[in-house]
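Peer 1: Sequence:
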Amino acid sequence: MAETKPALVLHLASPGEPLVFALPAEGADEVAKKLPLLLEHGSVESFETKEDSRIVVNFAHVAVAYVDDLARKGKVFGLH
81 MAETKPALVL HLASPGEPLV FALPAEGADE VAKKLPLLLE HGSVESFETK EDSRIVVNFA
141 HVAVAYVDDL ARKGKVFGLH
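Per this note's numbering, the sequence shown starts with residue 81, numbered consecutively.
Hints are computed from structural coordinates only; laboratory data are not their basis.
Treat the hints loosely; a few may be bogus.
[What the hints assert, rightly or not] Cross-link-like lysine-lysine pairs, in silico, DSSO-like; alpha carbons within 30 angstroms at most:
1) K85 <-> K114
2) K114 <-> K130
3) K113 <-> K85
4) K130 <-> K85
5) K130 <-> K113
[Said to hold, decoys possible] Simulated restraints on C-beta separations:
6) L117 <-> E83: 28 to 34 angstroms
7) D149 <-> S126: 18 to 24 angstroms
8) V89 <-> G122: 25 to 31 angstroms
9) H141 <-> K113: 18 to 24 angstroms
10) S94 <-> E125: 15 to 21 angstroms
11) L119 <-> E83: 14 to 20 angstroms
12) G122 <-> E83: 32 to 38 angstroms
13) A140 <-> T84: 18 to 24 angstroms
14) E131 <-> D109: 15 to 21 angstroms
15) H121 <-> A151: 27 to 33 angstroms
16) G96 <-> V136: 28 to 34 angstroms
For glycine and all other residues, C-beta sits at the position ideal for the given N, C-alpha and C.
Construct all of the structure, not just a fragment, from the sequences and the given hints.
Peer 2: As structure tokens, this is what we get:
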């Protein structure tokens with residue numbers, strides 16, 4: 081099985097490229113589970129990145145957030 085490279089992908093409410101933060105594999109599922117409530121309530125949350133640093137995200141400024149596998153190639157949203 082191929083190695084996964086999970087990342088937190090944030091599309092801000094303002095125009096521009098998404099922000100991508102590599103996540104440790106062991107915590108990525110937990111982050112993904114939290115995202116719907118964080119977006120719904122515009123919460124502020126901190127996350128540990130794969131490089132052992134911490135980021136703080138104000139979800140009031142985020143339009144779309146998801147955890148993606150950066151190791152996948154040729155992905156098309158909506159298809160599995």
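Peer 1: Would you say the C-beta atoms of A140 and T84 sit inside 18 to 24 angstroms of each other?
Peer 2: Cβ of A140 to Cβ of T84: about 30 angstroms, so the range 18 to 24 angstroms is violated.
Peer 1: Could you check the hint for me, namely that V89 and G122 are 25 to 31 angstroms apart, CB to CB?
Peer 2: violated, 18 angstroms
Peer 1: Given the hinted pair K113 and K85, is their alpha-carbon gap at most 30 angstroms?
Peer 2: Within the cut-off at roughly 17 angstroms; holds.
Peer 1: Could you say whether the range 14 to 20 angstroms given as a hint is met by the Cβ separation of L119 and E83?
Peer 2: Hint violated: Cβ distance 28 angstroms, outside 14 to 20 angstroms.
Peer 1: Between K85 and K114, does the CA-CA distance stay at or below 30 angstroms?
Peer 2: holds, 19 angstroms
Peer 1: Quick one: are E131 and D109 within 15 to 21 angstroms, going by C-beta?
Peer 2: holds, 19 angstroms
Peer 1: Tell me if the beta carbons of S94 and E125 are separated by a distance inside 15 to 21 angstroms.
Peer 2: holds, 19 angstroms
Peer 1: Do D149 and S126 keep their Cβ atoms within the hinted range of 18 to 24 angstroms?
Peer 2: Between D149 and S126, where Cβ atoms are some 22 angstroms apart, the hint holds.
Peer 1: Next pair to validate is K130 with K85; report whether the Cα-Cα distance is within 30 angstroms.
Peer 2: OK: K130 and K85 at ~10 angstroms, within 30 angstroms.
Peer 1: Range hint 28 to 34 angstroms: satisfied by the CB atoms of L117 and E83?
Peer 2: At 29 angstroms between Cβs, range holds.
Peer 1: Okay, H121 versus A151 on CB: inside 27 to 33 angstroms?
Peer 2: Since the Cβ atoms of H121 and A151 sit about 31 angstroms apart, the hinted range of 27 to 33 angstroms holds.
Peer 1: Assess, step by step, whether the Cα of K130 is no farther than 30 angstroms from the Cα of K113, and give holds or violated.
Peer 2: holds, 18 angstroms
Hint compliance for this structure: hints 8, 11, 13 and 16 are broken, all remaining hints hold.
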